[in-house]
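The residues making up each chain are set out below.
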Amino acid sequence: MVTDSALKDETGTPDPIRLARRLERPAPTTVKDSRGYKVFTVINVVVLLGVMAITLYPFANIIAQSFSSEGFINAGQVNLVPRGFNIETYRTVMADNMFWINYRNTVVYTVVATVIAMVLTTTYAYAISKKNLRGRNFFIMVAVFTMFFNGGLIPNYVLINAIGFTNTIWAIVIPNAISVFNLLVMKAFFENMPEELEEAAAIDGLGTYRTLLRIVLPLSKAVIATMVLFYAVSFWNSWFQAFLYLDDARLYPVTVYLRNLIAGATTATSVAGGSSDGMTQVASNIQSVTMVLTVLPIICLYPFIQKYFVSGVMLGSVKG
Amino acid sequence: MTTTRRRLAAGATAGVLALGLVACTSEEEGSVDGPDAEELDGLDVGAMEEFGVGDTFVATEPVEIEVLYRDHPNYPLDEEWLFFEHLAETNNVTFDLTTAPLSDWDQRKGVLIGAGDAPDVISVTYPGQEAQFVASGAILPISDYVDLMPHYQDRVEQWGLEEEIDTLRQEDGKYYLLPGVYEELRYDYTIGMRTDILDELGLEEPQTWDDFADTLAAVKDHEGTQYAMSDRWEGLALMNFASASFGTVAGWGYGDGTVFDHDAGEYVYAGATDEYRDLVEYFTGLVEEGLLDPESFTQDDDQAIAKLINEQSFAITTNSQELIGHRTSMDETLGEGTYELMKIRAPEGPAGDVMGGLRIENGFMISSGAAEKENFVATLQFLDWLFYSDEGLEFARWGVEGETYEKDADGTRTLAADVDFLGQNPEGTTNLQTDYGFFNGVFSLAHGSTTDLVRTHISEEEVEWQEAMSSKEQAPLDPPAPLDEIEREQASLYQTALADYVTQNTLAFITGQRDLSEWDEYVSELEGQNMQAFVDIMNTAYERFQEDNA
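Chains S and P, in that order, are what the protein sequence lines are.
So the first sequence is residues 1 to 320, counted in our numbering.
So the second sequence is residues 1 to 550, counted in our numbering.
Treat the hints as calculated values from the structure; they're not laboratory data.
Wrong hints could be hidden among the right ones.
As the list claims (entries may be wrong) - Ranges between beta-carbon positions, derived for each pair:
id	chain 1	residue 1	chain 2	residue 2	range
1	S	Thr92	P	Ser517	23 to 29 Å
2	S	Arg91	P	Ala135	54 to 60 Å
3	S	Val108	P	Glu461	46 to 52 Å
As the list claims (entries may be wrong) - Dumping the calculated SDA-like pairs for lysine to any residue here, alpha-carbon to alpha-carbon at most 25 Å:
id	chain 1	residue 1	chain 2	residue 2
4	P	Lys373	S	Gly164
5	P	Lys220	S	Arg214
6	P	Lys220	P	Leu201
7	P	Lys373	S	Asp247
8	P	Lys373	S	Ala162
9	S	Lys130	S	Arg214
A virtual CB, placed ideally from N, CA and C, is assigned to each residue, including glycine.
So that you can see chain S by itself, here it is in the shape it has in the complex (with noise of 0.2 Å):
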């Protein structure tokens, strides 16, 4: 057995390349797992299946109330398993032109808000990651000062509408482009990218541009995942912009739709006493079919990105 005064040198601190190589050492086989190893490994693996069926039960939940008839889930008797199977208000929904002309909005308003603020946050990271930068405390500033301090509602919306972006992709797209934590978090990424591969950079004759496109961003994947999912998801969800911009309903992205559509469900709409063919399957079940109608496409996202993801955000704050 390697003992940990082993690893030590004369000053008793650890000595990185040795406890390096230990760790890289592939485990011998013949030695068995002693009994208090066994004992974590089995705990470990009982509190985790715990915290993952706690994580799970929710969702698992929702979709079961998603495909249970109203009658079920107001007796409270829908847990895991659908009861009363019904696929009425996923018909309902799907079959409304509307939430696929939303649906096919949401896409857009994502995908070009994500690209928008990619590029403004990447190269305004940039900029200000570099301490050469003449003024760069002012533009620091200027990003951080917004986290603050806003104009508040009804300015921002006389400023928007006096720039002509009301009912167009830009009120969606344009306002919400920079988001100063993920701003902050990028400029430390690159604060603590070598220098050294700048200058030799610089030496083989790029210029600032040429360097950020071929050789920050290439070794900058991770944090640009991380960014991409942070941004794409934020615009995923978001409904506030569009519902204060936004006039015609063929403009709203998916999330007002189903906002709306809860919002006619639990609204007693007091039409007294008639009989209601359709209108049954109400609040409960329509909270879950859209809930797993919004979240569905993040989450086939998500298991392609997450690889970076802690990592990405890890390099940024932790190191250096």
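Since the structure of chain S is already known, use the hints to place chain P on it.
Leaving out everything else, chain P in the frame of chain S:
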């Protein structure tokens, strides 16, 4: 040189003009009476010269009206609707609609008004919501212009709505909202009970709150459950409709917490009155005897409904819409025909067979800017026709005779063969609301206003219930006591703290956490929370309004 001189002259002229304008404005502000002919000069393009009660509004030249339209997902806007087509052809009126979704309607409305960008007609606004916009000057004091609206005035006079309209008046004595009006008070909320169990026990529907307690006791005995009733809406709806029959306000209707003592002629604080105490005592009794689930005041609606559906409770506060929802659920879980869930006539209380409420409903506001447009008079005449005339109300609710409905000799309306609405004509392939645009919450106010129209399209059972309820007396209204800006700010500070304290203690009393013998202490605690100062503000405002508008 010449240019300079010209500029100077132009500047001077502008100055004089501006002075003139200022003078004009201040003169106008002074006039409280209706607009005279001169003021409306140039604003009456398209308006009818003779327009009185019973006249159909037809614009003399095409009129386009800007409307902020609330888009309801149950009938998404379609500008091809027969509703629009018919108005364009017959009345020469078209619309320029700005739409906002139902989900965030109030916020959108607030932003548009705040940004000075609101269309001329701002639809679906509830009484009280207009107060926040008054100070900005963005909303027209419509009371100055009701002379132009003969049908509206006729309704107010015929149905005796003056007192209700008075509740809309702001500090300047004017009102800024035109409400939807009802001929008779319309109720919807009451207790839904498992009447099959009452039948089994040979019990009648309870008439008074005491009967109601006895009935619950009998049901509980028979079913052997933990309690007989478990309520939803945190008991606020129940307290609300019960409160008038105890002579006070509570729950959803608690409002600012003041009620007018008509004997003493002054405002008092509701939460400290004996009437409120009686109400609290009654519900405390129900909980003590195990008849009412103490969780009624804290649980989620879903839990309360689940208890009803799973037969753990047999009564719940409901409305006609919710009742149908419960029945659908119970059909599925208990089986159709194995139960009967009905609305009961709201019980009488110590204050008599009284129900609270107002005969005004959500209505619309007009932007100040509209009063400067050439179609102003025509717009008001049209709105008057659509929202207040018999013809307009019937059109907005039922559509076009011969196309969407038929009317026989004794006035009974039936939907046309191919038109369905709420399953009343299942053969129909089109829907009155979604395909034609009628019975639209934006254009058809107060369910049609007249009792005749209000009671159409609803089930017989509901008509019967409404008829039973209509023999109830309307609780006396509180007189107007509009606050000025500073008073409002001060009052809202007191009001919130007081209301929170009352809610908290009401709950404590009812669930038995605090004993009712501590009532006097509770009242003195309220006094410690500036109750008197608050009531004084209200009384000052009340007296001022009386003096100013004597």
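Which of the stated hints cannot be reconciled with the structure, identified by number in ascending sequence? 1, 2 and 5
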